[in-house]
Structure formats: C-alpha cells, structure tokens
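Chemist: The working numbering runs 68 ahead of the 1-based position in the sequence shown.
Honestly, the hints are just simulated from the structure, not real lab data.
Keep in mind that a hint or two might mislead.
Claimed, not checked - Restricting the straight-line Cα-Cα distance to at most 30 Å, the calculated cross-link-like pairs of lysine-lysine (DSS-like) are: (1) K122 x K189; (2) K87 x K163; (3) K158 x K224; (4) K158 x K221; (5) K158 x K239; (6) K248 x K163; (7) K158 x K87; (8) K158 x K92; (9) K136 x K248.
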Amino acid sequence: MKGMMKMSLHDDDKKLKIKHSLEKRVVTLPDGTFLPSIGQGTWYMGENPESKNKEIKALQLGIELGMKVIDTAEMYGNGDSERLVGEALKARRDKVFLVSKVYPHHSGLDMIERACENSLKRLGTDHLDLYLLHWRGRVPLAETIEGMERLRKDGKILRWGVSNFDTDDMKELMETDGGKKCMTNQVLYHLGSRGIDYDLLPWHQEHNLPIMAYSPLAQGGSLRRQLLSDPTILEISEKYNVQPLQIVLAWTIRSNNVIAIPKAVQEEHVLANAQAAAIQLTREDLNKLDEVFPKPVRKMPLDII
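Modelling step: build the complete structure from the supplied sequences, incorporating the hints.
Modeler: Okay, structure coming up:
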C-alpha cells in the first residue's frame, strides 16, 4: 500500500495525528458550528446482516479518527441504516454530529413529526444534530420549513437543511419565510461529476452556505474505475505517495466549503478517507485535474443517484 496507508489500526499516536489533521480542515455552518470536512456516509449499510459487525466497526473507527459527521436517512434500507448507526453510536453519541433525512412525502405538517420520532427511535437518540429534506417533493417549502422549525423548537432536531436542491430551488428556499435557517444542501459531487461547479457551488459560497457532498468517490462502475486509472490522478497520487481515491477526496474538500461523506466498510478504507484531509493540493495539481475533468461551461442538470 502507498505511504499514507502504512500504519497499524492499533497505532494510537498515528490515529491522533490523523484526528488533528481533520480538526484543521473544517467547514463552518451558518450558525457557527465547526465540522470536519470529511465525515461518513451510510447508504446501503445495515442491509446485509453478514456485514453488520464490519460496518459498525468501520463507523466506530471513523468516529475515533475524528470523522464525527455521520449521515443516514429513513429511506436507506427502510430504516435499517439508521438502526445500524444507532448500534454503532452506543456510548459514543456525544462524539457524533448525527444527520438523517426525511422522505419528501413525510415532510408535511401531518407527517414530519412522526417521521422524525421514528428516526430517533431507530437511532436510539433523543435528537438529531441536522435533519434534511431528502429531495424536493409536492409538499410546499413553507410547510416543510414550519415543520422543521417545530421540531427544532421541541429539541428533536438542532438544525435543518435540504438535499438534492439545485440553484433555483435554493433561491426559492431563501425567499420563503424561514428559509434562511437552512444549514446545508447535500448533493452529489466528485471530480467526475462536477456540474454544481457552474452555478450551485458558487451560489453557496456567495451565501456562506456549505455543501455536503454524497458519493464523493463516485458510487462505482466505469466512472469509479476511470478515477482509479486516470494518468493525471495517478501522477498526482504518486507525487504525494497516496492512493488515487485519496486525491479524488482531497479535491472534493479543496474549497473548505464542502463536507464530504464517503462510505467505507473496510477499516483500511476508513483510514484512507480520514488521511485524505492531510493532502493539500497545489494550484498546479488543480489545474492539471481541471484539464482532464473540466469545469462545466454551461448549466448542467443536477446529478442524482
């Protein structure tokens, strides 16, 4: 394995060093909360009983390394992901910034409180640090905002945000009463899928509103293989003596306005993700990557998987 991976899973000094590097790469939410720029995703976790113990250990290692943001959703495995996260958080809840998401059809005033309470029960906690509308549905934004604010005032959630919102959606949200209390927008974003660089990410930066990037290493298939084998990415990974996907992850968090939430089940992949926070890409590196994976020159439809 390459340089940044050469450590024992039981090397406490090196774990502490990784944690410190994560603490230096932070993103600030609108309410002043500081979060590490790399967290943990849980999509598809909890669905295979044979992988349960491995997934729990992976999440717990990530917490130990400082990747305190853990993202889940009621949709993931029909609640199985939340149940798994709940088990992983036993005796660790105070070390975690816990995020879950509500279905659009549960985001009205008649359903959102029950949906939130069900998520809390599955997670084994009395509150969420952040609750997101998973994507935009038919419920009016004003109604969802009112529901989120009720949950916040009741202490069931501390903050709320949205997911899979494009630029026009975000503008409408900001113009809706209470919409400026949104803390983040979670969208698909990685080096091979950078359509938001055209207008959505600049809009977020202008409004000091962070992006949360899901699938920041690409979900799989031919695109992920391309990222693993691209000559420019390989060249830069050799320069830093790291793995190609660590360069991809370092690219995603380059702006200090993006929280990446990669999923990892293997403990060595958890370590690799955490170590990516220490990689500071130069302007020359970024220019080379732009040549191969160019920034869009026109508006692109928001990528969703």
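Chemist: Please go over all the hints and tell whether each is borne out by the structure.
Modeler: Outcome of the hint check:
Taken as a hint, the K122 and K189 pair is honoured in the structure, with Cα atoms around 23 Å apart against an allowance of 30 Å. Between the alpha carbons of K87 and K163 the distance comes to roughly 13 Å, so the proposed pair stays at or under 30 Å and holds. This hinted pair checks out: K158 and K224 have alpha carbons roughly 18 Å apart, not beyond 30 Å. Proposed proximity of K158 and K221 is supported: the alpha carbons are some 26 Å apart, at most 30 Å.
Among the hinted pairs, K158 with K239 is inconsistent with the structure: their alpha-carbon atoms are about 39 Å apart, more than 30 Å. Between the alpha carbons of K248 and K163 the distance comes to roughly 27 Å, so the proposed pair stays at or under 30 Å and holds. The hinted pair formed by K158 and K87 meets the criterion: a straight-line CA distance of about 21 Å does not exceed 30 Å. Straight-line distance between C-alpha atoms of K158 and K92 comes to about 27 Å, which keeps the hinted pair within the 30 Å bound.
With a C-alpha separation of about 25 Å, the suggested pairing of K136 with K248 holds against the 30 Å cut-off.
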